[in-house]
Every structure is written in structure tokens, then in C-alpha cells.
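If you want the building blocks of each chain, they are given just below.
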Amino acid sequence: MFPAERLALVLESTHRTVELADRILRRFSQKAGCTEQQQTEISLAVREVVANAVFHGNAGDATKKVSLAAEVRNGGIVICVRDEGEGFDPTSLPDPCDPANLLLDHGRGVFLVKTSMDEVTMRRMDSSGMEVTMVKYLSETMR
Amino acid sequence: MSLKAVNRQVDGVTVVDLNGRIVLGEATTTLRELLQNLVGQGQKKILLNLSDVSYIDSSGLGALVSGYTTLTGQSGQLKLLNLTKKVQDLLQITKLLTVFEVFSDEATAVGSFK
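For the record, the sequence lines run as chains A and B. Mapping of the first sequence onto this note's numbering: position 84 corresponds to residue 103, and the numbering continues sequentially without gaps. Mapping of the second sequence onto this note's numbering: position 60 corresponds to residue 424, and the numbering continues sequentially without gaps.
Worth double-checking, as some hints may not be accurate.
Only some residues are given here: those of chain A computed to face chain B with a beta carbon under 10 Å [claimed, not checked]:
1) 27
2) 31
3) 41
4) 54
5) 67
6) 92
7) 124
8) 157
9) 158
Just so you know, the hints here were simulated from the structure itself, not pulled from any lab data. Since the structure is predicted, the reported quantities are computational estimates derived from the model, not experimental observations. Beta carbons are placed, not taken as given, at the ideal position from N, Cα and C, and that holds for glycine.
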């Protein structure tokens, strides 16, 4: 175990970034003391958010970057992902659990992020792009 | 880790043993192509054995749902066998357990196909 740490990276808008972000945050959460289940939940959320940033936010534009930051703060891991795309209204997303949407082969990413993490905030930035901030508390009593 | 798939025939049912993670990229492409090829070969009773699938993301769920709709659209059936707890939980929270028939015993699963 090591004391609170933080990381900040700027990544390319490529498929490899999804795998890279997953690996980095898995290691980070492991060192921060997360359980195996917490690591899996963080891994899933990070994959979904970074994939959205790369493929939807930045639309795979190689000139646009994905910013990834993480730190241990107030008993939890706080992860922030930003893209440089147009942004979107997160309240406009259809409910993937609605019976009418169950047979769609897309649209579950944000839902999985929200169910995997303890807190999720999404906001369209004034400049450009979306910022997603997610928290996973290390102890259940912090929730 | 890439997704590995091995097919075998059991009483007219194609059982596909999957091994790895079904995640965005090569793995989901592999699964989608595999199911399309099986349907193209006229195999419409497909049982996916997920006992060695450790992880599925939203893209992987999409590939499973796509396979399900493709099969049912052609009077076929796609069913799931031996979910790990992680995958079971994922299908539970996404309500996909209401879509897929899921089994924990291969003989029972094979026998359920019409």
C-alpha cells in the first residue's frame, strides 16, 4: 500500500487508449487498496467512459486528445475523463433497461458507468467536450 | 487477451466454448463474425458457453444482443450457458436476463432447444 497518489495523462484518440487507460487505472486502484470487485467495477467504468470519449466525443479524430486524471481523495478514488468533442446532454440518453430498448445492440455504456461507480457527474464544458468525474469509495461506509 | 472460440456439435446444437474477455474491439468483432458465419451455414441452434469468459463490457453485451436478434429473426435460438458471477450480475442489472435463456447445465440447455 502506498500513500495517496495522483496521475494525469493526455492520451491519443485511438482504440489502444481504451486498453491503456484500463490497465493504468486497474494498477492504480489495486495500489490504492481496492478490492478485486472494486477494481473490476472501476475497470468497466473507465473502459466505457474512455471509449465514449474516443469514439463518440472525439469521433476518432487523431488531433483530439483524451485527458485522464485520477487521485485518492476523501476515502475514495476520483477519476476524471475529458474529451474535446461537441459534448452531449446526458439526460437525453434513452434508458437501456426500458423493455422497448432491451434488444438494441448499443446504448448501455453510460448506464454501466453509473451502476459501477458510487458517484458519477457528467457535464458539457464551456470550452468544448465532456467531462466525466467518477468516484469509487474504498470503504462501503463512505457511500 | 483475445477471445477464443471453439465450436462443437451436441445433438443438433452448436455449442460454442468461449474463452477470454468480450470487450470493445477485436473480441466483439470475433463474436459477431462467428455468429454470422454459423447462421450463414444454417446453424440456428446456438449455445454460448461463457464459463471461461471473465469480463464483458457494453460492446460485448451489444454483440450478444445482436446475435440474439439475428438468430430469432431467422427462427433460430441463441442461449447462454455457465455464466460467471460477474457476467450474471451484468446481465441482471441490464435486465438482459429477461431476454436470454440461461442455463447452468449443458445437457439441460441442449435439451431445451426445439
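Each hint, compared with the structure:
{"no.": "1", "hint": "27", "result": "violated (24 Å)"}
{"no.": "2", "hint": "31", "result": "violated (15 Å)"}
{"no.": "3", "hint": "41", "result": "holds (9 Å)"}
{"no.": "4", "hint": "54", "result": "violated (13 Å)"}
{"no.": "5", "hint": "67", "result": "holds (6 Å)"}
{"no.": "6", "hint": "92", "result": "violated (26 Å)"}
{"no.": "7", "hint": "124", "result": "holds (4 Å)"}
{"no.": "8", "hint": "157", "result": "violated (20 Å)"}
{"no.": "9", "hint": "158", "result": "violated (21 Å)"}
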